[in-house]
Amino acid sequence: MKLSKRITSGHILWLKLALHGIALYLLVTTFYRAFNDLLGVDPVQELLHFTGISAFNLLLLSLCISPFSKFVRQGQFLTLRRPIGIYAFVYALCHFSTYLVFELQLEWSLLFSEILKRPYITVGICALFILTVLTATSTRSIQRRMGKAWQKTHNWVYFASLLIVIHYFWSVKSSLIQPMFYVLAVFVLLLVRRNKFVKPLKSALQKRTKTKQNKKKLA
Amino acid sequence: MLIRVPKSNAIKESQITDENVYQNRRQILKSMGFLGASALLASPTANAIDWFGSTEQKKFTTESLKFSKPQQFRSDDELTPKQKIISHNNFYEFGTGKSDPVAMSQSFKVDPWSLTIDGLVEKPITLGYEDLYKTLDLEERIYRLRCVEAWSMVVPWIGFSLASLLKKARPLSAAKYVIFETLYDPKQMPGQRNRFSGGGINYPYVEGLRLDEAMHPLTLLSVGLYGKTLPPQNGAPIRLVVPWKYGFKSIKSIVRIRLSDKQPKTTWNQLAANEYGFFANVNPGVDHPRWTQASERRITSGGLFARNRIETQMFNGYSEVAPLYAGMDLKKYF
Chain A
39 MKLSKRITSG
49 HILWLKLALH
59 GIALYLLVTT
69 FYRAFNDLLG
79 VDPVQELLHF
89 TGISAFNLLL
99 LSLCISPFSK
109 FVRQGQFLTL
119 RRPIGIYAFV
129 YALCHFSTYL
139 VFELQLEWSL
149 LFSEILKRPY
159 ITVGICALFI
169 LTVLTATSTR
179 SIQRRMGKAW
189 QKTHNWVYFA
199 SLLIVIHYFW
209 SVKSSLIQPM
219 FYVLAVFVLL
229 LVRRNKFVKP
239 LKSALQKRTK
249 TKQNKKKLA
Chain B
679 MLIRVPKSNA
689 IKESQITDEN
699 VYQNRRQILK
709 SMGFLGASAL
719 LASPTANAID
729 WFGSTEQKKF
739 TTESLKFSKP
749 QQFRSDDELT
759 PKQKIISHNN
769 FYEFGTGKSD
779 PVAMSQSFKV
789 DPWSLTIDGL
799 VEKPITLGYE
809 DLYKTLDLEE
819 RIYRLRCVEA
829 WSMVVPWIGF
839 SLASLLKKAR
849 PLSAAKYVIF
859 ETLYDPKQMP
869 GQRNRFSGGG
879 INYPYVEGLR
889 LDEAMHPLTL
899 LSVGLYGKTL
909 PPQNGAPIRL
919 VVPWKYGFKS
929 IKSIVRIRLS
939 DKQPKTTWNQ
949 LAANEYGFFA
959 NVNPGVDHPR
969 WTQASERRIT
979 SGGLFARNRI
989 ETQMFNGYSE
999 VAPLYAGMDL
1009 KKYF
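Chains A and B are the protein sequences, given in the same order.
Those letters in the first sequence? Residues 39 to 257, by this note's numbering.
Those letters in the second sequence? Residues 679 to 1012, by this note's numbering.
Keep in mind that the hints were calculated from the coordinates and are not lab data.
Source: prediction; values computed, not measured.
Warning: the hint list may mix true and false statements.
Label pairs and their in silico Cβ distance ranges [claimed, not checked]:
hint	chain 1	residue 1	chain 2	residue 2	range
1	A	W146	B	K1010	54 to 60 Å
2	B	I820	A	L154	37 to 43 Å
3	A	L154	B	R985	24 to 30 Å
4	A	P157	B	S742	48 to 54 Å
5	B	S742	A	S135	40 to 46 Å
6	A	F235	B	N952	49 to 55 Å
By construction, the Cβ of each residue, glycine as well, lies at the ideal position given by its N, Cα and C atoms.
Input sequences plus hints: build the corresponding full structure.
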């Protein structure tokens, strides 16, 4: 498909402004309401759900950008990936901070034992770690310096989305419709982007078998 | 004869806005605005309801009750505000979200009601709606409520002890268990209509107690809270309250109490036996597989900065029930 109008950098600027506006507005107002006991009966739980689901939505949105821009043949959209991805990280960090500060109320020993004991929290922490690394290496200059390694590193985002969907699925008590919807969404996204990790995996496997064969020849 | 040929740019009859629509134009625009704005809302829906004026829906009316306040059931614990008790509920018959029950249950019909006590009893009893409040003297009891999800509240219930009602039905000596059943009425309870909206639970909701647990003086059948009859989301018109067990044992909107010689298959135990035991006594030493039960967050007033994480006590602090479980391995029978 081709859009009838060329998307200019001016349009992208407006989109970016809207993104910043909405993401910050929702984050600030939700925390404000939680602080003032205006966010439902259990503001901690509401905050955890809000930040968690929003982070996941943003991450999935960021993953949709490049298939979408290919589909409409407008490369300009690609510049939206970075801010959306960073907001996904910011929301995820708020999610974790809410858990630590307001749910566990800074009981550090409990935090560490829960991370080790509860698989869904272990998985969540791993995903947060990946998002942290990706955010830290997201600037242009680092991207240039890392060269080919940058793309390899940033392909870990697909693994992170897999971890997050598991984290979500495991954390739910019953009623699995919404988590199932997210499983489906991640599955479709991974299917669309399969060449990102299928090829590297295959070549890695081939390398291994080759080296094995070489070793055998030598022997 | 005059034949009028309309100009191509003239407004056709069919394009004229209907007067009805014109008169209601503000209303229509308003509702379109609401729709668009609420679709944007990814945040918790509880407050969205307040924002967009759908609070016009009718509210269930509760009535004042007459009751005594026995000294032994007073408490120093700070009460959870009424507004929080009646808007933060797990009652999957009305939806799986915490704010679903209050939103979905306001037109629930409690009168007429029928509660039957039968099974292994000498004298089966059926109570109608009025009987729930007249058969036994009502008293106020302040109990801690500990949810298996690690939050807790302090609630001033109004009701009578289950034992006093069971004694009227005269249990037979063969009776070992008491089985409770919630109303099954998919027309009124949207969660019962299909497996998806009700959290995968096999309705009707069933709970059970050992007879000695049921006869313990702490075990309460509640018909009210904060001085008034129960609202639907809290289990109107009559519910169980077992304060030393996790909240899911305290079954709501009961229509049948049956005495049996066999341990029943209870709802949450059937759904996930490794997470929810039959006994479900509050026990800080036995974690839920997915979270700790050693501490809990007490819901009182105050926002995020309420320092409300407290240690969970064995039997939720009701140590007088400990003799019921003498010699039992509570790690195995959790």
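- [ ] State the violated hints by number, sorted upward, taking the hints as numbered earlier in the document.
- [x] 1 and 6
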